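Given the sequences, and given the hints that come with them, work out the whole structure.
So the sequence shown is numbered by the numbering used here: it starts at 7 and just counts up by one.
These aren't lab readings, by the way, just hints derived from the structure by calculation.
This one's a predicted model, so the numbers in the text were calculated from it and none came from an experiment.
There could be a bad hint or two in this list.
What the hints assert, rightly or not - Capping the alpha-carbon separation at 25 Å, the derived lysine-lysine pairs in PhoX-like fashion look like this:
{"#": "1", "residue 1": "69", "residue 2": "133"}
{"#": "2", "residue 1": "82", "residue 2": "133"}
{"#": "3", "residue 1": "68", "residue 2": "58"}
{"#": "4", "residue 1": "33", "residue 2": "107"}
{"#": "5", "residue 1": "140", "residue 2": "126"}
{"#": "6", "residue 1": "30", "residue 2": "82"}
{"#": "7", "residue 1": "20", "residue 2": "39"}
{"#": "8", "residue 1": "140", "residue 2": "20"}
{"#": "9", "residue 1": "20", "residue 2": "43"}
{"#": "10", "residue 1": "69", "residue 2": "39"}
{"#": "11", "residue 1": "69", "residue 2": "33"}
{"#": "12", "residue 1": "82", "residue 2": "110"}
{"#": "13", "residue 1": "136", "residue 2": "126"}
{"#": "14", "residue 1": "69", "residue 2": "43"}
{"#": "15", "residue 1": "39", "residue 2": "68"}
As the list claims (entries may be wrong) - Per label pair, the in silico range of CB-to-CB distance:
{"#": "16", "residue 1": "49", "residue 2": "117", "range": "46 to 52 Å"}
{"#": "17", "residue 1": "117", "residue 2": "75", "range": "35 to 41 Å"}
{"#": "18", "residue 1": "19", "residue 2": "122", "range": "22 to 28 Å"}
Using N, Cα and C, we set each Cβ at its ideal position, and we do this for glycine too.
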Amino acid sequence: MAEEKKILLSVQVKADQALAEMAKTRKEIAELKSLQKQLDTSTEEGRLQYEKYGASIRDANKKLREQQREYDNHTKTLLAQEGSLESLRAELSNLTLAYTKLSKAERQSAEGQELKEKIKGISDELKENKRAIKQS
Numbered sequence: 007m008a009e010e011k012k013i014l015l016s017v018q019v020k021a022d023q024a025l026a027e028m029a030k031t032r033k034e035i036a037e038l039k040s041l042q043k044q045l046d047t048s049t050e051e052g053r054l055q056y057e058k059y060g061a062s063i064r065d066a067n068k069k070l071r072e073q074q075r076e077y078d079n080h081t082k083t084l085l086a087q088e089g090s091l092e093s094l095r096a097e098l099s100n101l102t103l104a105y106t107k108l109s110k111a112e113r114q115s116a117e118g119q120e121l122k123e124k125i126k127g128i129s130d131e132l133k134e135n136k137r138a139i140k141q142s
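Below, the structure written as structure tokens:
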């Protein structure tokens, strides 16, 4: 019971952190758009700077979508019952996202290998449950 509360608290903290990161990214996007609007695009330099801001805005929007997905997964984990398929899928998504952000050296480290094993274990469990549902 105490372990379950600890896990839920950890997930809640991660969800809160994701919300804070999303707010920061939204602010960054708004600032970039404001700077982009102020540019004089009639000059070559202004046009090039406008394009740079546009690329930065696209990157920030991509980052925001990833943060939103991470937040959604944390929320699903909080709402889903421990061990439910929905909870397992959300956890798998979060672990996979974390793994893809690791460098090659980090993936080959003990921590990276442990994360890989967790991903494989959850994936195998989900596959097993899917097969069981199809056989029913």
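Numbered hints the structure breaks, given as an ascending list: 1, 7, 8, 9, 12 and 17
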